[in-house]
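With the hints as extra help, turn the sequences into a complete structure.
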Amino acid sequence: MNKPLWEPSDERIERANLNRFMRFVREQTGNDDIRRYAPLYDFSVRHPARFWPLVWEFCGIRASGDFDPVLVDAEQMPGARWFPEVRLNVAQNLLRFRDDRPALVACDAAGASHTLSYAALHGEVARVAQALARAGVGAGDRVAAALPPGTERVIALLATIVLGALWAPLPVREDALPDPAYLAELAPKLLFVGGRAAADPSLPAALRHAAPSLATVVVLAPPGPLAVTDAVVSWAAFGAEEAPVPAFELLPFAHPLYLLPSASATAGIVHGAGGTLIQHLKELVLHLDLKREDRIVLATDDLPTWHWLVSALAVGATLVLDAAIADAAPEALWDRLDEVGASVLVTRSRTLAAAAAAGLTPMHTHKLQNLRTIAVTGPAPPAEAYDYVYGAIKQRVLLAAVAGGPDLVSCLAIGNPLLPIHRGELQCRGLGMRVEVIDADGRPLRDEEGELACLAPFPALPLGFWNDPDGERYRQACFGGREGTWHQGVRARLTSRDGIVVADPAPWPAASPTAVSAA
1 MNKPLWEPSD ERIERANLNR FMRFVREQTG NDDIRRYAPL YDFSVRHPAR
51 FWPLVWEFCG IRASGDFDPV LVDAEQMPGA RWFPEVRLNV AQNLLRFRDD
101 RPALVACDAA GASHTLSYAA LHGEVARVAQ ALARAGVGAG DRVAAALPPG
151 TERVIALLAT IVLGALWAPL PVREDALPDP AYLAELAPKL LFVGGRAAAD
201 PSLPAALRHA APSLATVVVL APPGPLAVTD AVVSWAAFGA EEAPVPAFEL
251 LPFAHPLYLL PSASATAGIV HGAGGTLIQH LKELVLHLDL KREDRIVLAT
301 DDLPTWHWLV SALAVGATLV LDAAIADAAP EALWDRLDEV GASVLVTRSR
351 TLAAAAAAGL TPMHTHKLQN LRTIAVTGPA PPAEAYDYVY GAIKQRVLLA
401 AVAGGPDLVS CLAIGNPLLP IHRGELQCRG LGMRVEVIDA DGRPLRDEEG
451 ELACLAPFPA LPLGFWNDPD GERYRQACFG GREGTWHQGV RARLTSRDGI
501 VVADPAPWPA ASPTAVSAA
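Read in UniProt numbering, the sequence shown has 162 at position 162, and its numbers run on one by one without any break.
No lab work stands behind these hints, which were simulated from the structure alone.
The C-beta atom is built at its ideal place from N, Cα and C for all residues, glycine as well.
Any given hint might turn out to be false.
[Stated by the list, open to error] Quick list of the computed label-pair ranges, beta carbon to beta carbon:
hint	residue 1	residue 2	range
1	Glu-331	Asp-441	46 to 54 Å
2	Glu-7	Gly-480	37 to 45 Å
3	Pro-444	Glu-339	44 to 52 Å
[Said to hold, decoys possible] Heads up, simulated PhoX-like pairs for lysine-lysine below, C-alpha to C-alpha not over 25 Å straight-line:
hint	residue 1	residue 2
4	Lys-394	Lys-367
5	Lys-291	Lys-394
6	Lys-291	Lys-367
7	Lys-3	Lys-394
This is the structure we're talking about:
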């Protein structure tokens, strides 16, 4: 059996949120056997109606209403309903802090940075939310956004969901309009648009022609001509007045929150408010072990990952938004980590591969003294990436590789601060997720290759595809036409120690500068 590449120290185990959560579960349930991850995981999938309220309480989610029943129609997937009597607002939970500690640090390609405190973020969100309300945006309306991944995108997102409107981000296509066909099907009431294409004076008219539903276009543009009308306004002028504390619209647990692009649906897939929030906090607080003092560098503009990490605002951590760094010179990322004192790096395997191909050995050229976690999203890193991380970047770091997918915006397999790391192996299945590797007939496999799947409902299960009223396209694409099994479309193997080995990981360069023995 392979020797672990990393094991948590006693101090890290003691300080881990997941360790504190296990104590909390023991206290609340009287089950003294829950002292390791395996029995905790078993409890979470066998008793979902007991497990998820404990996550809710431990993470301090703010809501109103009756928490009983927890789960209705549990045998239906899709179709199970979670916390049907609860009402909440996701923005209220992400804006729970209102002090002078930094919430966002936005870095540009030139190396300049702009910091926004939690107090300032609260004020900016209130200002934009008030402007959205004046523009006629309310619960259920669509607000589209083709914005670069800076502070404006975070503010626009939070302001949208303050009101209960559906946030619909679009891929930013440099020097190009958002896809007119997609806009027409989405039928948004308001659009935020940025990038170099936003400087084109003909842009607003072209957008409104593509989507007649658009009442307002808010343009984040470089200096240049902009025909300001009642329907077109600059970001700087949009809600320029000071605004009071926003009135958070309390909405049902299953109220639509995000409409994200999907490889399986032309008009995107809809994610619910409460399920997204509780799932993200379970993953970020328990599995990634995020804390208030963390400084998290997000070195990717992958939309699902970006929205996942925005939920870290609920922890009070600092998000360093620097998507351009992933495409810059390979050494620029490691310079940035030292510059901001990053404790967590969230990136993709290809970024690590680029550093390896360039022959970088950051453990010899950079301090990285605060770095304790590297989370890798997207295609799973290959075994060689594990060698590179522990042989060339840092030995005392948690490599938290995840397996989720753009249609989930959450994880089936994920990192774990309490477990060892083995070469090429994702550490564990996520709490509350009945994840198995199955054969063609749906039977679970162990130490054999099959398809990664989830066999029971979970709160963050998407609500469905946009413009799919009977849900048939959703069932066919994500459940294989059969209820009860979420098909991830990833070939994998579940090991005897409950780790996940993905059969087709991300590519890796033929040679990397440093390897460690995993014998």
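### Task
Enumerate the violated hints, using their earlier numbering and listing them in ascending order.
none
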